[in-house]
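Protein chains: 2
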Amino acid sequence: MKDFLIALAQWPVVLDKKENLDRAEAMIIEAGRKGAQLCVLPESFQVPYELSLLREQAETEDGPTLTRLRKVTAESRIHLVAGSFSERRGASFHNSSFVIGPYGEVLGVHRKIHLFDVNLDTLAIQESSLFTPGERPLVVDLPFCRLGVAVCYDLRFPAVFRFFEKAGVEVAALPAAFSTETGKAHWHLLLRSRAVEYQIFVAGACPAPNRATPYVAYGHSSIITPWGEVLRDAAEESTLLCAELHARLLADVRKKLPALRHRREDLYAKWG
Amino acid sequence: MKDFLIALAQWPVVLDKKENLDRAEAMIIEAGRKGAQLCVLPESFQVPYELSLLREQAETEDGPTLTRLRKVTAESRIHLVAGSFSERRGASFHNSSFVIGPYGEVLGVHRKIHLFDVNLDTLAIQESSLFTPGERPLVVDLPFCRLGVAVCYDLRFPAVFRFFEKAGVEVAALPAAFSTETGKAHWHLLLRSRAVEYQIFVAGACPAPNRATPYVAYGHSSIITPWGEVLRDAAEESTLLCAELHARLLADVRKKLPALRHRREDLYAKWG
Chain C
1351 MKDFLIALAQ
1361 WPVVLDKKEN
1371 LDRAEAMIIE
1381 AGRKGAQLCV
1391 LPESFQVPYE
1401 LSLLREQAET
1411 EDGPTLTRLR
1421 KVTAESRIHL
1431 VAGSFSERRG
1441 ASFHNSSFVI
1451 GPYGEVLGVH
1461 RKIHLFDVNL
1471 DTLAIQESSL
1481 FTPGERPLVV
1491 DLPFCRLGVA
1501 VCYDLRFPAV
1511 FRFFEKAGVE
1521 VAALPAAFST
1531 ETGKAHWHLL
1541 LRSRAVEYQI
1551 FVAGACPAPN
1561 RATPYVAYGH
1571 SSIITPWGEV
1581 LRDAAEESTL
1591 LCAELHARLL
1601 ADVRKKLPAL
1611 RHRREDLYAK
1621 WG
Chain Y
1351 MKDFLIALAQ
1361 WPVVLDKKEN
1371 LDRAEAMIIE
1381 AGRKGAQLCV
1391 LPESFQVPYE
1401 LSLLREQAET
1411 EDGPTLTRLR
1421 KVTAESRIHL
1431 VAGSFSERRG
1441 ASFHNSSFVI
1451 GPYGEVLGVH
1461 RKIHLFDVNL
1471 DTLAIQESSL
1481 FTPGERPLVV
1491 DLPFCRLGVA
1501 VCYDLRFPAV
1511 FRFFEKAGVE
1521 VAALPAAFST
1531 ETGKAHWHLL
1541 LRSRAVEYQI
1551 FVAGACPAPN
1561 RATPYVAYGH
1571 SSIITPWGEV
1581 LRDAAEESTL
1591 LCAELHARLL
1601 ADVRKKLPAL
1611 RHRREDLYAK
1621 WG
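Those protein sequence lines, which keep their order, are chains C and Y. Sequential numbering of the first sequence, starting at 1351, is according to this note's numbering. Sequential numbering of the second sequence, starting at 1351, is according to this note's numbering.
Worth flagging that the hints you see were computed from the coordinates, not collected in a lab. Fair warning: this is a prediction, and the values are worked out from it, not measured in the lab. Errors might be hidden in some of the hints.
As the list makes no split between identical chains, a pair holds if one copy fits it or if it spans any two.
Here are the simulated lysine to aspartate or glutamate pairs, EDC-like style, with alpha carbons at most 16 Å apart [to be verified]:
| # | residue 1 | residue 2 |
| --- | --- | --- |
| 1 | 1352 | 1491 |
| 2 | 1620 | 1485 |
| 3 | 1352 | 1602 |
| 4 | 1606 | 1477 |
| 5 | 1606 | 1471 |
| 6 | 1367 | 1409 |
| 7 | 1606 | 1531 |
| 8 | 1534 | 1471 |
| 9 | 1605 | 1372 |
| 10 | 1605 | 1467 |
| 11 | 1367 | 1400 |
| 12 | 1606 | 1366 |
| 13 | 1605 | 1471 |
| 14 | 1606 | 1467 |
| 15 | 1367 | 1467 |
| 16 | 1384 | 1353 |
| 17 | 1367 | 1455 |
Sequences and hints are given; from them, build the entire structure.
If you want it as structure tokens, here you go:
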């Protein structure tokens, strides 16, 4: 890992798809101007998180949304984790997060693996009624870090991060759209504990709350150190949240508390 | 799982071993009187956490400490997670947590698996210079819950809780002695995130800080719900921390956010 500037784009996703794409584009350009090497968009940045809209506004990989984002990413000479949008592939739909390189090339895609089928106090949703799950977390080697990508609900599943650990991930990008209810209860808790237990930087990008939509996202996009500190928190603002990630900090944490080296894989293999 | 009252004993462990055993005994009796069915002592409840003392004061399973605790546990008709003490077995030493049943019988023992070899800002320690690690986390079926036991640094290792998950654990008891430094940074974070990601009750028992000893424990023994809420926190007090654990709450959390059922073991097996 090398030191680099990361930028998380947060705004309240609105019904007008064009307006969201304009916001995303402007923030990618701003990130490039500020010298960020990696920009992360939230889950469902195109349309408010709602299954009917996600079905209606689904696009293919070569559709207008990704084409536009690839172009601006190349112009800004930046790397982009393109949050997530509803991807149509033949008859199936996926909640897909594309990673774009500085020439506009697609470096990889994470299709959300764990689908959000819940009956919370404030919300019931069956993501699996629309989406087909992905089969493997995405790990990409960038020039400045090894990056792991997972989407929202995937954050709750330890196996995803065990996979990242084995792959040597140093920074995890989490496009998400936690709800107000689960956000208050678990957003910082889970981002911080993943950072601590796997000794990685964690960047979670969430839309700002839009109280005019049925599903109100939590906001609070955050950048977390490997010691579990909240380096930046966007609260409910529309903002490009930037932080310099220092390779030295990651190395220091792994040295002073070498929990990764203390794994007992020899024993774990016997535990089944 | 059935509803039951849990009691965590917290006091500042002092140099006088007899005084600590008197405190432990009095708190077990108090727990019994209050109707608690399970009492949990902290890590290294006999002597302050310091390798020279742990070597010097090590005892065998049939030594005076466990003999005394078995007697009082039987008299109080309670279950006991006997924190941890330095156990001598032949030539080897272990950081051992015995679980005692209401007839004074030994139901199992968890020998700390992950040894604390660290160089923190405020503290350097090499637990492996004294202790031999255990090889398997302990899971015990009690009449009112399936209990998992792990000790302190084990809390940082996801594999321990994956083991608990596969074994159907509902309540995890964590005798610990987090330091002030790691306690402030990570104690509640890790207890709460384990509770949330495995949807279990978590009870972490730590000695109260004793600023007259070189190693100052964090205190803050805590009882956490499966939703990650801190039900009780002992702060720095000398106290028996009690809470009723409701089976219904565990069932409700697992129903409204069925993350355990959403595990994709079929995929994980392919990830290696």
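When Cα atoms must be at most 16 Å apart, do residue 1606 and residue 1366 count as within-copy, between-copy, both, or neither?
neither (49 Å within a copy, 32 Å between copies)
Given a CA cutoff of 16 Å, do residue 1384 and residue 1353 count as a within-copy pair, a between-copy pair, both, or neither?
within (15 Å within a copy, 56 Å between copies)
Identical-chain pair category, residue 1367 with residue 1455, by Cα at 16 Å
neither (23 Å within a copy, 67 Å between copies)
At 16 Å max between alpha carbons, let me know whether residue 1605 reaches residue 1471 within a copy, between copies, both or neither.
Between. Shortest inter-copy distance 11 Å satisfies the 16 Å Cα cut-off; intra-copy 43 Å does not.
How would you classify residue 1367 and residue 1400 at a CA-CA limit of 16 Å: within, between, both, or neither?
within (13 Å within a copy, 61 Å between copies)
Pop the pair residue 1367 and residue 1409 into one bin, within, between, both or neither, using alpha-carbon distances up to 16 Å.
within (12 Å within a copy, 69 Å between copies)
If the cutoff is 16 Å on CA atoms, where do residue 1352 and residue 1491 land: within, between, both or neither? Let me know, please.
Classified as within; 12 Å inside a copy, 49 Å across copies.
Could you figure out if residue 1606 and residue 1531 sit no more than 16 Å apart (CA to CA) within one copy, between two copies, both or neither?
between (36 Å within a copy, 12 Å between copies)
With identical chains treated as interchangeable, where does the CA-CA distance between residue 1606 and residue 1471 reach 16 Å or less: within a copy, between copies, both, or neither?
For residue 1606 and residue 1471, the Cα distance is within 16 Å only across copies (8 Å; inside one copy 42 Å).
How would you classify residue 1534 and residue 1471 at a CA-CA limit of 16 Å: within, between, both, or neither?
within (13 Å within a copy, 32 Å between copies)
Within a copy, between copies, both or neither: where do residue 1605 and residue 1467 come within 16 Å Cα-Cα?
The answer is between: 11 Å across copies meets 16 Å, while 40 Å in one copy does not.
As a check of your reading, is residue 1352 near residue 1602 (CA-CA no more than 16 Å) within one copy, between copies, both or neither?
Classified as within; 14 Å inside a copy, 45 Å across copies.
Hints 9, 12, 15 and 17 from the list above are not met by this structure, while the remaining hints are.
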